[in-house]
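**Q** First residue of the sequence shown: 260, per our numbering; consecutive thereafter.
Derived by calculation from the structure, the hints in this document are not laboratory data. Misleading hints may appear alongside valid ones.
[Unchecked claim] Here are the simulated lysine to aspartate or glutamate pairs, EDC-like style, with alpha carbons at most 16 Å apart:
id	residue 1	residue 2
1	K357	D261
2	K359	E338
3	K480	D612
4	K402	D492
5	K347	D264
6	K633	D612
7	K480	D490
8	K480	E377
9	K357	E377
10	K480	E381
[Claimed, not checked] With beta-carbon atoms standing in for the labels, derived distance ranges:
id	residue 1	residue 2	range
11	K402	G570	45 to 51 Å
12	R361	D612	54 to 60 Å
13	D445	E287	27 to 33 Å
14	D325	E505	51 to 57 Å
15	K329	K529	26 to 32 Å
16	E457	I607	25 to 31 Å
We treat Cβ as the ideally placed atom computed from N, Cα and C, and that holds for glycine.
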Amino acid sequence: MDTYDYAIVGNSAAAINAVEAIRERDAEGSIGLFCEEKYRCYSRPLISYLVAGEVKTQGMYYRPSDYYRKMLVEFHPGERVVSLAVSKKTLTTAGKEKAKWRRLLLATGFIPFVSPIEGLEEVDYVTFISWDDAKRMLGLTSKPVRALVVGAGLIGMKAAEALHARGAAVTVVEKLDRVLPLALDDRASELVAGRCREAHIDVVTGLSVSRLEGRGGHKGKAVLEDGAEMDFDLLVMAVGVRPRTELAEAAGLPCERGIQVDEYQRTKNKDIYAAGDAVRAMDIVLGEPSINALWPVAALQGKYAGRNMAGEEAPYPGCNSMNAVEFFGLPVLSAGIVNPPDKGYQVIARQDDGDYRKVVLQGDVLVGMLLAGKIERAGILTSLIQEKANVRRMKNSLLDEGFGHIHLPRAVRKERIEEAVAGLKVAEAARGRGG
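Construct the entire structure; sequences and hints are all you get.
**A** This is the structure we're talking about:
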């Protein structure tokens with residue numbers, strides 16, 4: 260039985276950033292990394308670009324082929340962990356292999372949620388969250404097809420765009436009243452839907468699929484709740500995702516709507532940590548733990564989990580939900596609260612020439628933003644949200660095209676300049692040491 264100082268279940272953003280954080284503090288401790296996929300770490304957000312032909316296979320990887328060897332990591336690809344024996348500090352894979360660990364990280368991510376639809380079992384549908392999903396889609400679109408995408412969230416819309424790029428005739432069906440309903444508001448959603456329709460993607464909102472009829476393989480017919488019928492050669496189920504908590508639950512760890520962790524990314528067991536898309540960690544805008552299934556959030560959580568696994572006591576600073584994506588040339592960025600739940604928020608919005616900008620405030624604190632088209636000021640607005648900055652004196656300037664650091668209070672500008680200078684000195688010192 261192999262024994263590791265650090266065992267990691269997962270191989271995406273949280274896991275890789277944890278490895279690097281561990282190695283910064285512990286150069287020799289043994290690390291074993293287990294994942295059910297057979298690939299080395301790759302960028303999941305790029306699978307739609309792979310299908311569209313904008314990224315080649317080699318471009319999917321974000322670490323070199325010798326990464327695990329150089330990081331002194333024993334990599335176990337294609338070895339799904341199926342159980343944990345917490346008292347013995349062991350894990351078991353689907354192949355019956357066992358490994359012992361001193362500290363464990365669960366970076367298990369999410370899996371597709373497929374809503375029950377009458378007749379779904381008759382159709383060989385595809386999902387769209389992994390490289391294998393992308394390969395299946397590529398194999399099924401070697402010739403023009405009629406594609407039906409069920410779900411107009413981020414995954415569904417990127418699948419639709421990728422299929423369109425491959426020459427498919429695409430229809431998107433969303434049961435809610437707009438596309439990207441969780442990430443955008445009515446106006447921004449309509450801008451995205453408009454771009455899709457201009458590209459001849461049919462977008463149907465406010466209706467769900469009530470029944471499916473299989474016609475062999477991937478072909479079939481969908482019947483909507485209003486009786487409309489749609490034939491398809493390829494069905495993509497992109498209704499949503501759910502956190503993979505089965506390992507944690509079976510180990511007796513609290514998992515209410517996601518794996519629960521403290522400010523150090525520790526679970527209820529002091530030697531088991533968790534990070535990434537399956538974890539409820541602090542959302543600084545909401546002021547409470549939440550799942551933010553986003554790549555930068557997973558990476559940051561993994562970094563702090565790794566630091567603490569290696570002996571630090573570094574509290575995770577929290578993050579907020581942020582989406583940055585582009586549809587048919589329209590860049591869209593949202594962060595924090597974009598659809599206020601009640602009248603206790605102030606909304607400031609501007610729209611002109613196809614561009615849309617919006618900020619959401621709670622009192623004098625910026626808690627959300629939404630930019631479609633012109634997104635040049637996104638960086639400073641995001642930092643103001645992250646810092647919970649008081650923006651009382653600059654409320655009327657937040658959406659100006661020229662808004663920048665000059666609008667911040669003098670004391671804040673001075674502090675940011677000092678931080679930047681300090682960062683440059685650190686970088687210069689590192690270069691002097693050959694770092």
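**Q** A separate judgement is required for each hint: does it hold in the structure or not?
**A** Hints versus structure:
1. K357 x D261: holds, 7 Å
2. K359 x E338: Distance ~15 Å between K359 and E338 Cα, so the pair holds.
3. K480 x D612: Answer violated: K480 to D612 is near 39 Å, above 16 Å.
4. K402 x D492: This hinted pair holds, its Cα atoms lying about 11 Å apart.
5. K347 x D264: Holds, at about 14 Å.
6. K633 x D612: holds, 10 Å
7. K480 x D490: Holds, because 4 Å separates the two Cα atoms, which is no more than 16 Å.
8. K480 x E377: holds, 12 Å
9. K357 x E377: Outside the cut-off at roughly 41 Å; violated.
10. K480 x E381: holds, 11 Å
11. K402 x G570: 45 to 51 Å: violated, 56 Å
12. R361 x D612: 54 to 60 Å: Given range 54 to 60 Å: holds, Cβ gap about 59 Å.
13. D445 x E287: 27 to 33 Å: violated, 55 Å
14. D325 x E505: 51 to 57 Å: violated, 33 Å
15. K329 x K529: 26 to 32 Å: The hinted range 26 to 32 Å holds for K329 and K529, with Cβ atoms some 30 Å apart.
16. E457 x I607: 25 to 31 Å: Cβ of E457 to Cβ of I607: about 28 Å, so the range 25 to 31 Å holds.
When each numbered hint is compared with the structure, violations occur for hints 3, 9, 11, 13, 14.
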